[in-house]
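S.K.: Sequence:
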Amino acid sequence: MSDQAVLHVKGRVLVGADDVRDELWVVGGRISYERPGARDIRTVEGWALPGLVDAHCHVGLDAHGPVPDDVSEKQALTDREAGTLLIRDAGSPSDTRWIDDRADLPKIIRAGRHIARTRRYIRNYAHEIEPEDLVAYVAQEARRGDGWVKLVGDWIDRETGDLSACWPREAAAAAIAEAHRLGARVTAHCFAEDSLRDLVEAGIDCVEHATGLTEETIPLFASRGVAIVPTLVNIATFPQLAAGGETKFPRWSAHMRALHERRYDTVRAAYDAGVPVYVGTDAGGSLAHGLVAGEVAELVTAGIPPVEALSATAWGARRWLGRPGLDEGAPADLVVYEGDPRADVRVLAAPRRVVLNGRVIG
Numbered sequence: 041m042s043d044q045a046v047l048h049v050k051g052r053v054l055v056g057a058d059d060v061r062d063e064l065w066v067v068g069g070r071i072s073y074e075r076p077g078a079r080d081i082r083t084v085e086g087w088a089l090p091g092l093v094d095a096h097c098h099v100g101l102d103a104h105g106p107v108p109d110d111v112s113e114k115q116a117l118t119d120r121e122a123g124t125l126l127i128r129d130a131g132s133p134s135d136t137r138w139i140d141d142r143a144d145l146p147k148i149i150r151a152g153r154h155i156a157r158t159r160r161y162i163r164n165y166a167h168e169i170e171p172e173d174l175v176a177y178v179a180q181e182a183r184r185g186d187g188w189v190k191l192v193g194d195w196i197d198r199e200t201g202d203l204s205a206c207w208p209r210e211a212a213a214a215a216i217a218e219a220h221r222l223g224a225r226v227t228a229h230c231f232a233e234d235s236l237r238d239l240v241e242a243g244i245d246c247v248e249h250a251t252g253l254t255e256e257t258i259p260l261f262a263s264r265g266v267a268i269v270p271t272l273v274n275i276a277t278f279p280q281l282a283a284g285g286e287t288k289f290p291r292w293s294a295h296m297r298a299l300h301e302r303r304y305d306t307v308r309a310a311y312d313a314g315v316p317v318y319v320g321t322d323a324g325g326s327l328a329h330g331l332v333a334g335e336v337a338e339l340v341t342a343g344i345p346p347v348e349a350l351s352a353t354a355w356g357a358r359r360w361l362g363r364p365g366l367d368e369g370a371p372a373d374l375v376v377y378e379g380d381p382r383a384d385v386r387v388l389a390a391p392r393r394v395v396l397n398g399r400v401i402g
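Its first residue numbered 41, the sequence shown is counted upward by one per residue in our numbering.
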């Protein structure tokens, strides 16, 4: 499509779960609901959604640490082909700011680099520090990021042989307060149970994975409005991880299996209690990119209604991250499908057309 051409999207345009329109127009890369006076028009037909959101993704990272720019580009392109046009990058040691200058790559909201306790996370991923330095590092990453900071809230403690919290409550509270002062929200990697109450009461905004939620902590999350990003496609790997650590860390292995076994019940209980739930894949560590459709399907398997699971990667996720959907005048980032994704979320696995910044690119 030429820069002067107008794109006409017709069929069913899902501006919201219940706001369905017959068509939209893309003029100068932006959405309009008024027919333009143009002759050069390209038409795309189908069911249109806002570009999907992966709210826990890592561009610029693989299982061993930072990657070269050409690998980061391939990661971003894989997500784009899957219909993911907005990424909340939940921690990366790579500088991916150059992606912001590429109109053909997904938009990224960065959380800076992970902040972890010394020797309590994956090698080459994080700033590894002690509690007395937490406030300073949170301030640094708040300034480097795009309104988010990522903590590692728990990890295996090799002395006890099991998952345990990484930060004293007072240190976490001071760090979260500093991030909020600087205008950033804070999220944390948490698999286990024992870090959750302290982090929520310290003012955290979101928890990644959240497999350790219980009957005691779910109401606390709900009352404080703390969101979770379950990353169920990643939690599916827990049995394999547990098997690999069985000999050296049997307590940890048993704990990981238990968290995995109750994962669907945990997510459904959180949703039923009113905890905000969003889609994230945890791609970019040891997981492949482009798994957003699989994560939506996993939320449905957990018992979240299909329309709500869809919102968790579309309308609701974009509102949560402060980015527009299919609004008048918004950048035209959308995905077109053959069928109605509200009726069957599995259609997300086969985008018919991907439109980014008003250009049909897939």
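To be clear, the hints were calculated from the coordinates, so they are not data collected in a lab.
Keep in mind that a hint or two might mislead.
[As the list claims (entries may be wrong)] Beta-carbon label-pair distances, calculated as ranges:
#1 GLU199 - ARG70: 28 to 34 Å
#2 GLU210 - PRO290: 46 to 52 Å
#3 LEU222 - ARG137: 17 to 23 Å
#4 ARG79 - GLN280: 56 to 62 Å
#5 ASP380 - GLY284: 37 to 43 Å
#6 ALA214 - THR341: 28 to 34 Å
#7 GLY223 - ARG79: 43 to 49 Å
#8 PRO290 - GLU85: 55 to 61 Å
#9 ARG291 - GLU85: 23 to 29 Å
#10 GLU199 - ALA103: 21 to 27 Å
#11 ALA214 - ARG75: 35 to 41 Å
Ideal Cβ positions, reconstructed from N, Cα and C, are used throughout, including at glycine.
S.K.: Could you run down the list of hints and mark each one as holding or not?
M.R.: Here is what the structure says about each hint:
1. GLU199 - ARG70: 28 to 34 Å: violated, 56 Å
2. GLU210 - PRO290: 46 to 52 Å: The hint (46 to 52 Å, Cβ to Cβ) is violated, given that GLU210 and PRO290 are roughly 32 Å apart.
3. LEU222 - ARG137: 17 to 23 Å: Holds - the Cβ-Cβ distance for LEU222 and ARG137, about 19 Å, lies within 17 to 23 Å.
4. ARG79 - GLN280: 56 to 62 Å: holds, 57 Å
5. ASP380 - GLY284: 37 to 43 Å: holds, 42 Å
6. ALA214 - THR341: 28 to 34 Å: violated, 39 Å
7. GLY223 - ARG79: 43 to 49 Å: Cβ of GLY223 to Cβ of ARG79: about 46 Å, so the range 43 to 49 Å holds.
8. PRO290 - GLU85: 55 to 61 Å: holds, 57 Å
9. ARG291 - GLU85: 23 to 29 Å: violated, 56 Å
10. GLU199 - ALA103: 21 to 27 Å: holds, 25 Å
11. ALA214 - ARG75: 35 to 41 Å: This hint is violated: roughly 55 Å between Cβ atoms.
Of the numbered hints listed earlier, those contradicted by the structure are 1, 2, 6, 9 and 11.
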